[in-house]
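Enquirer: Chain residues, written in single-letter form:
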Amino acid sequence: DVKVTQSSRYLVKRTGEKVFLECVQDMDHENMFWYRQDPGLGLRLIYFSYDVKMKEKGDIPEGYSVSREKKERFSLILESASTNQTSMYLCASSLGLAGSYEQYFGPGTRLTVT
Amino acid sequence: GENVEQHPSTLSVQEGDSAVIKCTYSDSASNYFPWYKQELGKRPQLIIDIRSNVGEKKDQRIAVTLNKTAKHFSLHITETQPEDSAVYFCAAIGPRGYNKLIFGAGTRLAVHP
Chain F
2 DVKVTQSSRY
12 LVKRTGEKVF
22 LECVQDMDHE
32 NMFWYRQDPG
42 LGLRLIYFSY
52 DVKMKEKGDI
62 PEGYSVSREK
72 KERFSLILES
82 ASTNQTSMYL
92 CASSLGLAGS
102 YEQYFGPGTR
112 LTVT
Chain S
45 GENVEQHPST
55 LSVQEGDSAV
65 IKCTYSDSAS
75 NYFPWYKQEL
85 GKRPQLIIDI
95 RSNVGEKKDQ
105 RIAVTLNKTA
115 KHFSLHITET
125 QPEDSAVYFC
135 AAIGPRGYNK
145 LIFGAGTRLA
155 VHP
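Top line first, the protein sequences correspond to chains F and S.
Once you know that position 7 of the first sequence is 8 in the working numbering, the rest is easy, because the numbers rise by one and skip nothing.
Once you know that position 87 of the second sequence is 131 in the working numbering, the rest is easy, because the numbers rise by one and skip nothing.
These aren't lab readings, by the way, just hints derived from the structure by calculation.
Just so it is clear, the structure is predicted and the values come from calculations on it, not from any experiment.
The beta carbon of each residue, even a glycine, is placed where N, CA and C say it ideally should be.
Among the hints, a few may not be true.
Straight-line distance between alpha carbons at most 16 Å, and here's what the computed EDC-like set of lysine to aspartate or glutamate pairs gives [stated by the list, open to error]:
{"id": "1", "chain 1": "F", "residue 1": "K56", "chain 2": "F", "residue 2": "E70"}
{"id": "2", "chain 1": "F", "residue 1": "K71", "chain 2": "F", "residue 2": "E103"}
{"id": "3", "chain 1": "S", "residue 1": "K86", "chain 2": "F", "residue 2": "E70"}
{"id": "4", "chain 1": "S", "residue 1": "K81", "chain 2": "F", "residue 2": "E103"}
{"id": "5", "chain 1": "F", "residue 1": "K58", "chain 2": "S", "residue 2": "E46"}
If the Cβ cut is set under 8 Å, some of the chain F residues that face chain S in the computed set are [said to hold, decoys possible]:
{"id": "6", "residue": "L42"}
{"id": "7", "residue": "L44"}
{"id": "8", "residue": "P62"}
{"id": "9", "residue": "G64"}
{"id": "10", "residue": "Y65"}
Derived coverage of chain S by chain F (criterion: at least 3 residues anywhere in the stretch with Cβ under 8 Å from a Cβ of chain F; other residues may be distant) [unchecked claim]:
{"id": "11", "stretch": "54-61"}
{"id": "12", "stretch": "100-112"}
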């Protein structure tokens, strides 16, 4: 059973703070993803990683960076949090083999920036 | 790039009725179309998917149809039950592989007893 965990369910930060969101998967998946979920906008891809130390920008990377030093861990970093980054953040992973596309999601982190 | 549009944004049905959610995609090279269900306060989970070499797929009360020519696919739920109430997301595999999915904006389905 695939398990994807995120470091916090709820987080409150102040404008300008550096914020780290951590995601860990335990199924040796190659691919990992960070999304933000906002009402009416669905799941928008921020960054994804297809291998250790490899990353690619998604659709809304501005204001975010990522780190993948180990295969099982993918971190999302908000360099200087702003109020428009208040959102639900979802991490996901997938196997990475050709034709194996199912993504397994973490429980989400609801971030509030005040 | 790939774009996925989903309609309607909200859907309200009576228990026992059918529900249909429709999505269109832009990239004719897309070959994988999953549907995810997200119950309130929970994570999205895959409920059914279809690949481009198949026109229809069923799993008990849910089915997905794909029209590659028109570039649209639909989720059909029959005999709806209150536990079907959730947000449903369609998606299509994005360009350049990497297993990147492009999601629709979601449909909030409410099934009333």
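Enquirer: Take the hints in turn and mark each one as holding or not.
Expert: Hints and how they fare:
{"no.": "1", "hint": "F:K56 x F:E70", "verdict": "11 Å, holds"}
{"no.": "2", "hint": "F:K71 x F:E103", "verdict": "21 Å, violated"}
{"no.": "3", "hint": "S:K86 x F:E70", "verdict": "28 Å, violated"}
{"no.": "4", "hint": "S:K81 x F:E103", "verdict": "13 Å, holds"}
{"no.": "5", "hint": "F:K58 x S:E46", "verdict": "15 Å, holds"}
{"no.": "6", "hint": "L42", "verdict": "6 Å, holds"}
{"no.": "7", "hint": "L44", "verdict": "4 Å, holds"}
{"no.": "8", "hint": "P62", "verdict": "13 Å, violated"}
{"no.": "9", "hint": "G64", "verdict": "20 Å, violated"}
{"no.": "10", "hint": "Y65", "verdict": "16 Å, violated"}
{"no.": "11", "hint": "54-61", "verdict": "violated (count 0)"}
{"no.": "12", "hint": "100-112", "verdict": "violated (count 0)"}
Going through the hint list in order, the structure does not satisfy hints 2, 3, 8, 9, 10, 11, 12.
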